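Engineer: Spelled out from the first residue to the last, the chains are:
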Amino acid sequence: MSLETITTILGGLTIGAALMVVISRHPVRSVLYLVLTFFLISSNYILMNAQFLAVVNIIVYAGAIMVLFLFVLMLLNLDKDSEPKTHVLVKIASVVAGGILFTVLIAALKDGIALGEAAAPSAQNNEGLVQNLGQLLFSKYVLPFEVSSVLFIASMVGAVLLAKREKQVID
Amino acid sequence: MQSLSNRKKVVSNKKMTFLEKIYLPAIFGGMWITFKHLLRKNNTLRYPEHTREFAPVYRGQHVLKRDEEGRENCTACGLCAVACPAEAITMVAAEREKGEEKLYREEKYAASYEINMLRCIFCGLCEEACPKEAVFLTDRIVPTNFERDSFVYGKDRLVEDINNRIDITKRQHTGKRTEK
Amino acid sequence: MEISELIEKLALIVALFGVTLGIAAYATYFERKVAAWFQDRIGPDRAGPFGILQPLADGGKLFFKEDFIPANAEKWLFIMGPGIAMFTALMTGSVIPWSTDLELFGQTVALQVADINIGILFIMGFLSIGVYGIMIGGWASNNKFSLFGAIRASSQMISYELAMGICVITIVMMSGSLSLRDIVNTQHGMNWNVFYQPLAFVIFFICSLAETNRAPFDLAECESELIGGYHTEYGSMKMGFYLFAEYVSLFTSSAVISVLFFGGFNFPGMDNFDGNTLAILGVVAMFTKTFFFIFVFMWIRWTIPRFRFDQLMHLGWKSLIPISIINMLITGLVIAFNEGWFK
Chain A
1 MSLETITTIL
11 GGLTIGAALM
21 VVISRHPVRS
31 VLYLVLTFFL
41 ISSNYILMNA
51 QFLAVVNIIV
61 YAGAIMVLFL
71 FVLMLLNLDK
81 DSEPKTHVLV
91 KIASVVAGGI
101 LFTVLIAALK
111 DGIALGEAAA
121 PSAQNNEGLV
131 QNLGQLLFSK
141 YVLPFEVSSV
151 LFIASMVGAV
161 LLAKREKQVI
171 D
Chain B
172 MQSLSNRKKV
182 VSNKKMTFLE
192 KIYLPAIFGG
202 MWITFKHLLR
212 KNNTLRYPEH
222 TREFAPVYRG
232 QHVLKRDEEG
242 RENCTACGLC
252 AVACPAEAIT
262 MVAAEREKGE
272 EKLYREEKYA
282 ASYEINMLRC
292 IFCGLCEEAC
302 PKEAVFLTDR
312 IVPTNFERDS
322 FVYGKDRLVE
332 DINNRIDITK
342 RQHTGKRTEK
Chain C
352 MEISELIEKL
362 ALIVALFGVT
372 LGIAAYATYF
382 ERKVAAWFQD
392 RIGPDRAGPF
402 GILQPLADGG
412 KLFFKEDFIP
422 ANAEKWLFIM
432 GPGIAMFTAL
442 MTGSVIPWST
452 DLELFGQTVA
462 LQVADINIGI
472 LFIMGFLSIG
482 VYGIMIGGWA
492 SNNKFSLFGA
502 IRASSQMISY
512 ELAMGICVIT
522 IVMMSGSLSL
532 RDIVNTQHGM
542 NWNVFYQPLA
552 FVIFFICSLA
562 ETNRAPFDLA
572 ECESELIGGY
582 HTEYGSMKMG
592 FYLFAEYVSL
602 FTSSAVISVL
612 FFGGFNFPGM
622 DNFDGNTLAI
632 LGVVAMFTKT
642 FFFIFVFMWI
652 RWTIPRFRFD
662 QLMHLGWKSL
672 IPISIINMLI
682 TGLVIAFNEG
692 WFK
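Here the protein sequences come in this chain order: A, B and C. Throughout the first sequence, residue numbering follows our numbering, covering 1 to 171 in sequence. Throughout the second sequence, residue numbering follows our numbering, covering 172 to 351 in sequence. Throughout the third sequence, residue numbering follows our numbering, covering 352 to 694 in sequence.
Please keep in mind that the hints were generated in silico from the structure rather than gathered at the bench. Just so it is clear, the structure is predicted and the values come from calculations on it, not from any experiment. Wrong hints could be hidden among the right ones.
Lysine-lysine pairs mimicking DSBU-like chemistry, simulated, CA-CA at most 35 Å apart [as the list claims (entries may be wrong)]:
1) Lys669(C) x Lys179(B)
2) Lys91(A) x Lys426(C)
3) Lys341(B) x Lys303(B)
4) Lys207(B) x Lys186(B)
5) Lys186(B) x Lys212(B)
6) Lys207(B) x Lys694(C)
7) Lys185(B) x Lys212(B)
8) Lys279(B) x Lys303(B)
9) Lys669(C) x Lys164(A)
10) Lys341(B) x Lys164(A)
11) Lys426(C) x Lys412(C)
12) Lys164(A) x Lys192(B)
13) Lys85(A) x Lys495(C)
14) Lys669(C) x Lys186(B)
15) Lys212(B) x Lys412(C)
16) Lys694(C) x Lys192(B)
17) Lys694(C) x Lys140(A)
18) Lys180(B) x Lys412(C)
19) Lys495(C) x Lys694(C)
20) Lys426(C) x Lys85(A)
21) Lys495(C) x Lys164(A)
22) Lys91(A) x Lys110(A)
23) Lys180(B) x Lys192(B)
24) Lys669(C) x Lys185(B)
25) Lys164(A) x Lys303(B)
26) Lys273(B) x Lys192(B)
27) Lys426(C) x Lys495(C)
28) Lys192(B) x Lys207(B)
Stretches of chain C that chain A covers, calculated by requiring three or more beta carbons in the stretch to come under 8 Å of a beta carbon on chain A [stated by the list, open to error]:
29) 462–472
30) 478–484
31) 683–692
We put the CB at the ideal spot given by N, CA and C, even for glycine.
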């Protein structure tokens, strides 16, 4: 089996899992399909020899963020009766909006394919390995890296502030 | 109040010191205690193979004794039944016929003698009340069963076998009755 | 990939699988024995001499029990839960180096299933996925106690993963590699990380207690409050898988602790040996350390009472994480100083 076949199969599976996220009726199932999607994306990373990114993707997204998602969803009351009824007009509007977004994405990707083929990382390059990635992060991409960490700290402080309400005085 | 056991500890909400706050010394102390138990000899008794020895005064299943010649001691006087606080003993008396001298020691004997083992509290008062040294409690355990009826022990299970005497010397109050 | 290499890896995988399952099975027996010793009892001694057939008897019992799925459970997720728990627990062992290379039939056999250059991250990844087995199982049971157990387990595991990860970063800074084999090789002889990073070791150990859901952090399955926690509704071998997965992860986390902090297969005086002798002695050293930590895990379980949940969260977020961050910063400063950054 050539690398290309594996890539194709994996890509198909990834898209299928991602579709199932949208199609599944039950929110918890959607989240679980999303977790599966992250795994498949990670395996795509491994095919591109980006092991570090693959594992970090699993640790951060599948291991932490999705667990929190699942956590919240499990605590929600997921009865079908309590779901708000959506108006037909709203449904039509959402379909139109989604379709437009889809078209824009397709249009953007169409140019991207040609670009990507030129710059596609081959399995032989070692950019995804830890050492090279570290070198790149702290030399070429040091500004975006630091900016994103500042962003994270800002959001963390915000979350702490939101969570820390003033102490209520009980009369 | 003065503590009786000298183990009383006054609970307080005092501030913990640094060593107490990091918990680790206390945890290591606890682990040392459990480790000492690891080396200690266990005191488990492997039950079916080994049984714990009964106390000499243990009061278990009753026996109706025979005398040295194999005659039943019981004369169905009914004192045990009167003494029994749980009212577990019933009996029917009968007169000894000619030719039965080998079976019963005196002229009157118990035609039936029943102890309900579910009622019995194994207090030993029957044994104390008996003037003829006929009923004794032994160090045997009353076996379990599923039917209630089977706990009413008749003479078939109470009277000792001639060839298989039951030793009651541990509980025997000697000198109570002299041989005629 | 050559056929011989394929066979070699396959044999290694099967061997590791068998050893892991065997050790996990006997860990259940050993746990009961250790508990008995600590409580001045004898422990299981009926199945075979000294009760050594007890795991088989337990397994047989679990296999022949009724396989039950509650009526309102999510059937497929209910079945998947124990599978995921077992899978993630078993996968962790694949990157652990068990010893130096072995010379066999003229070939060099690395006693490690996969030497990937992100080994420690791989372990962290599978630890973090391990939550899913518990969460899915607990939610799919459609039982409030199971859900409580699942939620406790997941919040506990996420909280303690952070402090654990920071301790791992400290070790990675010490050895300069994410590969477990490199981490072990930097601790040659008696040059173990625990002597340089005792604080990181203590924190990592506490966190691995929490990650394996063992006492004093077994709040996810505390029987006095939650009946059985996330596996309340489980029976038969599904339940067995959950219990087994706990012992498998007990074994792997003991192995990880000995790799990260106690030099893995290194032992003092290892320079006097070479070749196969060294490899075999390395395996012995590695397993001695692992078994010691399994014993310590059990020792702690039968000594320390369970934490309260808010105490658990306080310990995780307010003590362990700040301490480990400070520890990491100091380590970074010392390393930078040694490299001559401040001159």
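Engineer: Now tell me if each hint is right for this structure.
Structural biologist: Results for each hint:
1. Under the criterion of a C-alpha separation no larger than 35 Å, the hint pairing lysine 669(C) with lysine 179(B) is consistent with the structure, at around 34 Å.
2. For the hint pairing lysine 91(A) with lysine 426(C), the CA-to-CA distance comes to about 32 Å; that is within 35 Å, so the pair holds.
3. A hinted pair counts as satisfied when its Cα atoms are at most 35 Å apart, and lysine 341(B) with lysine 303(B) qualifies at roughly 18 Å.
4. The hinted pair formed by lysine 207(B) and lysine 186(B) meets the criterion: a straight-line CA distance of about 31 Å does not exceed 35 Å.
5. Pair hint lysine 186(B) plus lysine 212(B) does not hold up; C-alpha atoms about 40 Å apart against a cutoff of 35 Å.
6. In summary, the hint linking lysine 207(B) to lysine 694(C) is not supported, as the alpha carbons are separated by about 53 Å, beyond the 35 Å threshold.
7. The hinted pair formed by lysine 185(B) and lysine 212(B) fails the criterion: a straight-line CA distance of about 39 Å is larger than 35 Å.
8. Distance check on the hinted pair: lysine 279(B) and lysine 303(B) sit about 12 Å apart at the alpha-carbon level, within 35 Å; holds.
9. With a C-alpha separation of about 15 Å, the suggested pairing of lysine 669(C) with lysine 164(A) holds against the 35 Å cut-off.
10. Restraint check for lysine 341(B) and lysine 164(A): the C-alpha separation of about 77 Å exceeds 35 Å, so the hint is violated.
11. A threshold of 35 Å between alpha carbons decides the hint, and for lysine 426(C) with lysine 412(C) the separation of about 23 Å falls inside it, so the pair holds.
12. Distance restraint check for lysine 164(A) and lysine 192(B): the Cα-Cα separation of roughly 25 Å lies within the 35 Å cut-off, and the hinted pair is therefore satisfied.
13. Using a Cα cut-off of 35 Å, the hinted pair lysine 85(A) and lysine 495(C) holds, with the two alpha carbons roughly 28 Å apart.
14. For the hint pairing lysine 669(C) with lysine 186(B), the CA-to-CA distance comes to about 18 Å; that is within 35 Å, so the pair holds.
15. For a cut-off of 35 Å, the pair hint linking lysine 212(B) to lysine 412(C) stands: about 31 Å separates their Cα positions.
16. Restraint check for lysine 694(C) and lysine 192(B): not satisfied, since their Cα atoms lie roughly 39 Å apart, outside the 35 Å limit.
17. Note on lysine 694(C) and lysine 140(A): the hinted pairing holds, with a Cα-Cα distance of about 26 Å set against a maximum of 35 Å.
18. For the given pair, lysine 180(B) sits about 47 Å from lysine 412(C) by alpha-carbon distance, which is inconsistent with the 35 Å threshold.
19. Between lysine 495(C) and lysine 694(C) the alpha-carbon distance is near 61 Å, which puts this suggested pair outside the 35 Å criterion.
20. Distance hint between lysine 426(C) and lysine 85(A) is fulfilled; the C-alpha atoms sit about 28 Å from each other, no more than 35 Å.
21. For the suggested pair lysine 495(C) and lysine 164(A), the alpha carbons sit about 28 Å apart, so the restraint of at most 35 Å is met.
22. For the given pair, lysine 91(A) sits about 28 Å from lysine 110(A) by alpha-carbon distance, which is consistent with the 35 Å threshold.
23. Between lysine 180(B) and lysine 192(B) the alpha-carbon distance is near 20 Å, which keeps this suggested pair within the 35 Å criterion.
24. Straight-line distance between C-alpha atoms of lysine 669(C) and lysine 185(B) comes to about 21 Å, which keeps the hinted pair within the 35 Å bound.
25. For a cut-off of 35 Å, the pair hint linking lysine 164(A) to lysine 303(B) is broken: about 88 Å separates their Cα positions.
26. Annotation: proposed proximity of lysine 273(B) to lysine 192(B) is violated, straight-line Cα distance about 85 Å (limit 35 Å).
27. Distance check on the hinted pair: lysine 426(C) and lysine 495(C) sit about 17 Å apart at the alpha-carbon level, within 35 Å; holds.
28. In summary, the hint linking lysine 192(B) to lysine 207(B) is supported, as the alpha carbons are separated by about 25 Å, within the 35 Å threshold.
29. A stretch counts as covered by a chain when three or more of its residues have a beta carbon under 8 Å from one of that chain; for the stretch 462–472 of chain C and chain A the count is 4, and the coverage holds.
30. Chain A is given as covering the stretch 478–484 of chain C, and this holds because 5 residues of the stretch bring a CB closer than 8 Å to a CB of that chain, at least three being needed.
31. Counting residues of the stretch 683–692 of chain C whose C-beta lies closer than 8 Å to any C-beta of chain A gives 0; at least three are required, and the coverage claim is violated.
In this structure, the earlier hints numbered 5, 6, 7, 10, 16, 18, 19, 25, 26 and 31 are contradicted, and the remaining ones agree with it.
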